[in-house]
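Chain B: place on chain A using the hints.
Going down the list, the protein sequences come from chains A and B. Take the first sequence: its letter number 286 is residue 286 in this note's numbering, and every next letter is one higher. Take the second sequence: its letter number 11 is residue 1011 in this note's numbering, and every next letter is one higher.
None of these hints come from the bench; they were simulated from the model. Remember, predicted model here, so these are calculated numbers, not experimental data. Don't take every hint at face value.
[Said to hold, decoys possible] Under 8 Å between C-beta atoms, here's a sample of chain B residues computed to sit facing chain A:
no.: 1; residue: Ile-1099
no.: 2; residue: Val-1133
no.: 3; residue: Gly-1209
no.: 4; residue: Ser-1210
no.: 5; residue: Leu-1400
[As the list claims (entries may be wrong)] What follows is a list of derived Cβ distance ranges for each label pair:
no.: 6; chain 1: B; residue 1: Leu-1386; chain 2: A; residue 2: Asn-275; range: 33 to 41 Å
no.: 7; chain 1: B; residue 1: Asp-1091; chain 2: A; residue 2: Pro-190; range: 34 to 42 Å
no.: 8; chain 1: A; residue 1: Ile-370; chain 2: B; residue 2: Val-1406; range: 34 to 42 Å
[Unchecked claim] Here are the simulated lysine-lysine pairs, DSBU-like style, with alpha carbons at most 30 Å apart:
no.: 9; chain 1: A; residue 1: Lys-198; chain 2: B; residue 2: Lys-1009
no.: 10; chain 1: A; residue 1: Lys-198; chain 2: A; residue 2: Lys-186
no.: 11; chain 1: A; residue 1: Lys-198; chain 2: B; residue 2: Lys-1011
Glycine included, every Cβ here is placed at the ideal spot set by N, Cα and C.
Take a look at the letters that make up each chain.
Number of protein chains: 2
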Amino acid sequence: MSFNIPTSKKKRVIIVGGGFGGLKLANKLKGAGFQVVLVDRNNYHQFLPLIYQVASAGMEPTSISFPFRKIFQKRRDFFFRLAEVRSITPDQNMIQTSIGKAYYDYIVFAAGTTSNFFGNEHIREYAIPMKNVSEAMGLRNALLANYERAVTCATEEEKRELLNIVIVGGGATGVEIAGALSEMKKFVVPKDYPEMDKNDLHICLVEAGSRLLAGMSEKASENARRFLENMGVEVLLNRRVSDYKNHQVVLADGEVIPTRSFIWVSGVTAVQVGNIGGDALGRGNRIVVDEFNRVRGMSNVFAIGDQCIQTTDEAFPNGHPQLAQVAIQQGELLAKNLVSLEAGEKMRPFRYKDLGSMATVGRNKAVADIGAVKMHGWFAWAMWLLVHLRSILGIRNKILVLINWVWNYITYDYSLRLIIYARKAKEVVDREIREANSHWGSGSGSPDDERP
Amino acid sequence: MSFNIPTSKKKRVIIVGGGFGGLKLANKLKGAGFQVVLVDRNNYHQFLPLIYQVASAGMEPTSISFPFRKIFQKRRDFFFRLAEVRSITPDQNMIQTSIGKAYYDYIVFAAGTTSNFFGNEHIREYAIPMKNVSEAMGLRNALLANYERAVTCATEEEKRELLNIVIVGGGATGVEIAGALSEMKKFVVPKDYPEMDKNDLHICLVEAGSRLLAGMSEKASENARRFLENMGVEVLLNRRVSDYKNHQVVLADGEVIPTRSFIWVSGVTAVQVGNIGGDALGRGNRIVVDEFNRVRGMSNVFAIGDQCIQTTDEAFPNGHPQLAQVAIQQGELLAKNLVSLEAGEKMRPFRYKDLGSMATVGRNKAVADIGAVKMHGWFAWAMWLLVHLRSILGIRNKILVLINWVWNYITYDYSLRLIIYARKAKEVVDREIREANSHWGSGSGSPDDERP
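Chain A with its partners taken away, still in its complex shape (with noise of 0.2 Å):
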């Protein structure tokens, strides 16, 4: 296998990752005189702040689902790739993927995160992540598959362990999982299930930190925490969560909580590229960067978004936080910057606009801060609909989401509650990832790769 992407007179850019930094990069990229090459794991761009929609059976995956094919259609210079980078060979300009090797002129690592486990073996195996599109989906089923077990099983020890959820991480995915199968819990389990008392069933959040969405305001965190409260989510502050083992959760003052729903949203690492490390990635692996998301040391390698870290920017010594906003504007910015680098003048330094940032806990109920302006309640959770609708790819799809909202406002009953699960498909993706790295020696494949 190879890339197989013709060769141009344009300069190549390969961006790696079409998450919301990856895609705005690529569209701004749009008759910049570039030939652009998307990367991705996935055929399909993830809207993921409404992915806790898909895992309580809310949404349909497709409609936070978009095929990077049909977004680009008839953009021209452009190659949609379906690969994983491995590593990259920057004296060559050339980087190694599970479909071969590719050369460029410049490249923009946009890959984002990943679920971290901080190391431990058993939460990774155990734990059911919520990052993207398909592990909402294995979310959906594996809750839905323990309502079912709960029915049946054996002894009230299954039973307890089935019904209880165990949400870890109190940041905005955390709060709205647990807000959603609250809500779930109260309007549909009755209906689904009269055989059950739906009060044995037990939805509990678990954060290590002082306070829910920390990366709010006070008045955010304290108002989420409030929501969830009353709406019967019972929510651990300062306890940290240790491991996992027998069907139960360990906190690290040594209490536990029997679950087999064991939900874990409650940190991310940055998606490694084989042999960037050591000094070249900071504070959780994210790849360190310039003003101009430059990787150190490099002159036509850039990272943007959550995959990357930026301490240039005043306000942000840290580095910023990890919001979509971040990604959207660098990769807005990059694409200016490289047109000037091309042009040779001067690129211009990154600096993060704040446009604030809300969570939503339940219809009616979200918190949102813009600015100096702390909002909560319904006017914030209009604000949320409205704001996450505007920003949803296609008409198509804005349509039939906003049919599914009104539908299940007016009826607080979803109708996606489906074990379901793509038979073949896993087997078939496997073997695409197998026969691909067969193929890795024999990487460069077609001779349109080569360079000059």
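Coordinates of chain B only, in the frame set by chain A:
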């Protein structure tokens, strides 16, 4: 584990399988004075007539999948159990399942059929079946992954294998998926894969018999073939597939067709109940039943739909065609007959009322036989849409499906081309079944399953 169903003064009817027949029966038994237990290996009903739409990325899997617990919300004396039936012990009125044993007063097998690979292990391993929503999602993923690979694969030979789509089986499913994929080739591939010459994508439909849609009129068969060939599908009749090896479909006459997109919709065999065999089974391993759909020699064991064969209907001496309508009508009558049995009245024998059959080949292209009336083209297609939209459960789903259809009709573009699978989901389901089986011996579980 155990079925964990409360004893009741009412007689218990266990329905195995929530397809068209089982679902109709369960619905019609409402208020009939029975305790109804529905057992299915999935937690949702599947609307199989539209499954090819899922496989061709034209429709959400969730648009044709309906959670049983939602369908039967508020229904009293009804219980759903996620389980697989392993065997039956008639003299104890007991079944053994993946979650333990359960006792019945009446049991109805309505588990339908599964793909028939005619004992060929190569075909079983490599062919992509399309008998349920999971498999349809797997097919979609496999096709899209193959397109991606075709863009970067190393050799022309591999590329040809990836872009040759071979569909084996010229029944309604084969005709419909062939039509849908040829539309994808015409309308989607050129936009999504500008790098790919759409003429490299070759769709071939192989049928062992002398005509397509053998169950319909000669006229319908002829029109379907003409439609497909006009859409660029190569239709091979009177050609039997004997094997699959080295990425090649091997025909009985020795000819081979290279392909890695090998779709198998060529035959079905009834789902087996462990210890029902021998004389009890007829053609296609279907359970032989009398005119009341009662299993031969049994007083309280029944079978309906595709899983059974009934030769007592004068018009169908060799058994009924395996169609949704037959299952639905048998389910409807059996509900009445069970009531009659309880009342000590005579049961009514089953007579199939043919409401006609239809198949769609593409936009504005369908064939329909309604009694003596043979239709094809736009009107038949519009009727096909109407009939199927009517039969889809739930207003929300009707709306979503309609939007999808209208959208695709106007834009000639699907937006669901996602290689997506539920991570960890398969592992979860496998573990469920494994663990369930470990409970096997102790299946009786809680005493409430025992009879006085």
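**Q.** Hints violated by the structure (numbers, ascending)
**A.** Of the numbered hints, 3, 4 and 6 do not hold.
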